[in-house]
Amino acid sequence: DTEVTQTPKHLVMGMTNKKSLKCEQHMGHRAMYWYKQKAKKPPELMFVYSYEKLSINESVPSRFSPECPNSSLLNLHLHALQPEDSALYLCASSQEPGQGDTQYFGPGTRLTVL
Amino acid sequence: DQQVKQNSPSLSVQEGRISILNCDYTNSMFDYFLWYKKYPAEGPTFLISISSIKDKNEDGRFTVFLNKSAKHLSLHIVPSQPGDSAVYFCAAILDYTGANSKLTFGKGITLSVRP
Numbered sequence: 001d002t003e004v005t006q007t008p009k010h011l012v013m014g015m016t017n018k019k020s021l022k023c024e025q026h027m028g029h030r031a032m033y034w035y036k037q038k039a040k041k042p043p044e045l046m047f048v049y050s051y052e053k054l055s056i057n058e059s060v061p062s063r064f065s066p067e068c069p070n071s072s073l074l075n076l077h078l079h080a081l082q083p084e085d086s087a088l089y090l091c092a093s094s095q096e097p098g099q100g101d102t103q104y105f106g107p108g109t110r111l112t113v114l
Numbered sequence: 001d002q003q004v005k006q007n008s009p010s011l012s013v014q015e016g017r018i019s020i021l022n023c024d025y026t027n028s029m030f031d032y033f034l035w036y037k038k039y040p041a042e043g044p045t046f047l048i049s050i051s052s053i054k055d056k057n058e059d060g061r062f063t064v065f066l067n068k069s070a071k072h073l074s075l076h077i078v079p080s081q082p083g084d085s086a087v088y089f090c091a092a093i094l095d096y097t098g099a100n101s102k103l104t105f106g107k108g109i110t111l112s113v114r115p
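In order, the protein sequences belong to chains A and B. Quick note on numbering: the first sequence equals residues 1 to 114 in the working numbering. Quick note on numbering: the second sequence equals residues 1 to 115 in the working numbering.
No lab work stands behind these hints: they were computed from the structure. All of these numbers come straight from a predicted model, not from anything done at the bench. Not one of these hints is a red herring.
When the alpha-carbon atoms are kept at most 27 Å apart in a straight line, the in silico DSSO-like pairs for lysine-lysine are as follows:
1) B/Lys-5 with A/Lys-38
2) A/Lys-41 with A/Lys-19
3) A/Lys-40 with B/Lys-5
4) B/Lys-102 with A/Lys-53
5) B/Lys-102 with A/Lys-9
6) A/Lys-53 with A/Lys-18
7) B/Lys-56 with B/Lys-71
8) B/Lys-102 with A/Lys-38
9) B/Lys-68 with A/Lys-41
10) B/Lys-102 with A/Lys-41
11) A/Lys-22 with B/Lys-102
12) B/Lys-102 with A/Lys-40
13) A/Lys-22 with B/Lys-107
14) A/Lys-22 with A/Lys-9
15) B/Lys-107 with A/Lys-41
16) B/Lys-107 with A/Lys-38
17) A/Lys-9 with B/Lys-107
18) B/Lys-71 with A/Lys-41
19) B/Lys-107 with A/Lys-40
20) A/Lys-41 with B/Lys-5
21) B/Lys-71 with A/Lys-40
22) B/Lys-5 with B/Lys-56
The shape of chain B in the complex, shown without the other chains:
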């Protein structure tokens, strides 16, 4: 049972435009969310995170929005650059401050930014 869902396997956008990557979750107890980026032959790299008490977090070109009532979060990349082409994983944490907190990943979405 996939608790973190990234329903679109891929997204293609033009360089300079906005990329919007979506993620849905089923467990309302998740209290922290993260986005990871993964290039081929490399491990996932942390990109940006958001606590469940916030609805927006911004870091440079990357903004994550959280809609708790809809159990939905999205990653906006503006402007998109060819170097952003990678697999993006949405991840969620249960019990953020607990000793046994765990990271649950979505399946990932492949972003391609066309020059």
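Bound conformation, chain A alone:
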């Protein structure tokens, strides 16, 4: 099983809403990642979790709050987002952190903020 799953596939939310994106992998990977991708741009790293601990936060605004409840799950809690936060949010995982291991990506959640 080399699959990373993400839910929901699409999400539309208002600027006052609170929502969460979910990511799951059952490959026993110990590193999980959140990326943000705008149209015609490369994915941009947001957060890295290594062994369920946040190891990298790329100066992401606090309206994005990551959570790693266990080694298979990664959440991204959203609150008071802005329209410019509309993007594709990609989750990825790799066997070990920091080894440049192959990162396996999920299909992404297409987020629209109204």
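Based on these hints, arrange chain B on the given structure of chain A.
Chain B alone, transformed into the frame defined by chain A:
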């Protein structure tokens, strides 16, 4: 400042011919390079990688060449197939073995393989 550059936004080739996708980088400290392929509505899929200590890596129809002095790498697909039509991202890693290694992506190039 784009550290990984894919200057051609698109490439169109005939089925059966060679596709050559180019990528340039500015940071000489990058020590590992990867190519990802992305279909619409899917996440990027790892294709092939190369360490900075090598100049070539081959996997089936895919070969990646690295020219460190020119800070240039290229992906060759031979023969190209219509199913190869996708967006291809070049990516580079700083500090490959370090705990805080990060993946930096290029903007991507859209490959279209004509039947």
